[in-house]
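Next come the chains, spelled out residue by residue.
2 protein chains.
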Amino acid sequence: MEKIRLIEVKEEILGDNRELADGLRKRLKGSGVFMMNLMSSPGSGKTSLVLRTIRALKNELKIGVIEGDIDSVVDAETVAKEGVPAVQLRTGGFCHLDATMIGKALDAMDLAALDFIIIENVGNLVCPAEFDTGAHLNAMILSVPEGDDKPLKYPLMFSLCNVLLINKIDYLKYASDFNTDLVKERVRALNPGITIIEVSCKTGEGIDRWADWLKNRIREGRK
Amino acid sequence: MEKIRLIEVKEEILGDNRELADGLRKRLKGSGVFMMNLMSSPGSGKTSLVLRTIRALKNELKIGVIEGDIDSVVDAETVAKEGVPAVQLRTGGFCHLDATMIGKALDAMDLAALDFIIIENVGNLVCPAEFDTGAHLNAMILSVPEGDDKPLKYPLMFSLCNVLLINKIDYLKYASDFNTDLVKERVRALNPGITIIEVSCKTGEGIDRWADWLKNRIREGRK
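Protein chains in written order, with our numbering: chain A, 180 to 402; chain B, 180 to 402.
FYI, nobody ran anything at the bench for these hints, they're computed from the structure.
These numbers were taken from a predicted model, which means no experiment stands behind them.
Mixed in with the good hints there might be a few duds.
Which copy is meant is left open, because identical chains are indistinguishable; a pair holds if it fits in one copy or across any two.
Stated by the list, open to error - DSS-like cross-link-like pairs, simulated, lysine-lysine; straight-line CA separation at most 30 Å:
1. Lys189 <-> Lys283
2. Lys332 <-> Lys208
3. Lys260 <-> Lys352
4. Lys260 <-> Lys381
5. Lys205 <-> Lys182
6. Lys208 <-> Lys381
7. Lys208 <-> Lys352
8. Lys189 <-> Lys332
9. Lys189 <-> Lys205
10. Lys363 <-> Lys394
11. Lys182 <-> Lys208
12. Lys394 <-> Lys241
13. Lys208 <-> Lys189
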């Protein structure tokens, strides 16, 4: 019997992507730009959080947005109305953004004119967790209506994020399957160093705390 | 409102892949190697056809196989038992092979010692159709139990293949939803130049015709 050569495609592809992502991080650092990758399920409130974040920070920081979306430009249009430059990556069915795609988006942006870039990743708790985008900070949203079992079902995403936003806390009074303490316990079992911030993009509750925390991270990151 | 930059990720990724694939085709041509990419749904008989093809051609041609599989090495082991060198690309969940992956497989093969390479792609009628592997010939299998409506449901795959093998014709006597003439008509409406060959990998019917057709294509391609 002939010998079989086994190539672990996924590891190689992810390794190549990680190298590219490291290059992007250095390039951004060289331009004094801090980049955040925002991930969540569809409908958790990514675009609402992006808008809240822009409004809270735009007087102090020059912000740009990279929108990942399977097949529309709706989110980029919403963002552009805030007066912020936006690049729309239309993935045409791809389920995540990777470093190659983010590199193309950065090529289309004027980095010298920016301090902070937000990536709104494709709505998906699985694939985006595997592909390093080159961001300096990984943030995710879990919204109350999604239920408190999500850290058990999507452990990789919860493990790699630096910060978890629990959104739609205005729903807590109606939600029978969301115990905030239990979520925190489950998330910290996977990722003891994670920061957890409770917000409602609808009412604005918690947004100040989020904006303060983020400003500190951006300031530290741009040094 | 700020201007939005729109980047069509899919087109750019597919374009980059096509360039890489063209490079692979040239590299193979330079080494006198002809490569075929074999695609189908799961269970249509790709591995059986690979084995039948190896047995029919191995006295005349030095054959190598690249096996794409999501998470096993079973197919590569089956092929290696035929005395043919095999590279297993374990995709770890990816749904297709692309030119980057095939390039890694070719790096692991001794091209100077080969005349013909068969790629057994991941069992999937959708994504593999979009990614050029660098092969000189695209072949697909439709098996009788899958039904005669498949050309209507997966037109891209049927449009781009040079040859369609209708496999499991030994089932024709039991199949109520497979009209061979209707399949041919539907396929030729999409792809007038396609060659259609009926085979049964189980009984061996039609394999001689397939092997003769393929030998001619390989001979022409290696000139």
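Against the structure, the hints:
no. : hint              : verdict
1   : Lys189 <-> Lys283 : both (22 Å within a copy, 12 Å between copies)
2   : Lys332 <-> Lys208 : neither (34 Å within a copy, 48 Å between copies)
3   : Lys260 <-> Lys352 : neither (33 Å within a copy, 63 Å between copies)
4   : Lys260 <-> Lys381 : within (18 Å within a copy, 63 Å between copies)
5   : Lys205 <-> Lys182 : between (41 Å within a copy, 27 Å between copies)
6   : Lys208 <-> Lys381 : neither (33 Å within a copy, 61 Å between copies)
7   : Lys208 <-> Lys352 : neither (43 Å within a copy, 68 Å between copies)
8   : Lys189 <-> Lys332 : both (21 Å within a copy, 29 Å between copies)
9   : Lys189 <-> Lys205 : both (24 Å within a copy, 26 Å between copies)
10  : Lys363 <-> Lys394 : within (23 Å within a copy, 64 Å between copies)
11  : Lys182 <-> Lys208 : between (46 Å within a copy, 25 Å between copies)
12  : Lys394 <-> Lys241 : within (12 Å within a copy, 63 Å between copies)
13  : Lys208 <-> Lys189 : both (28 Å within a copy, 28 Å between copies)
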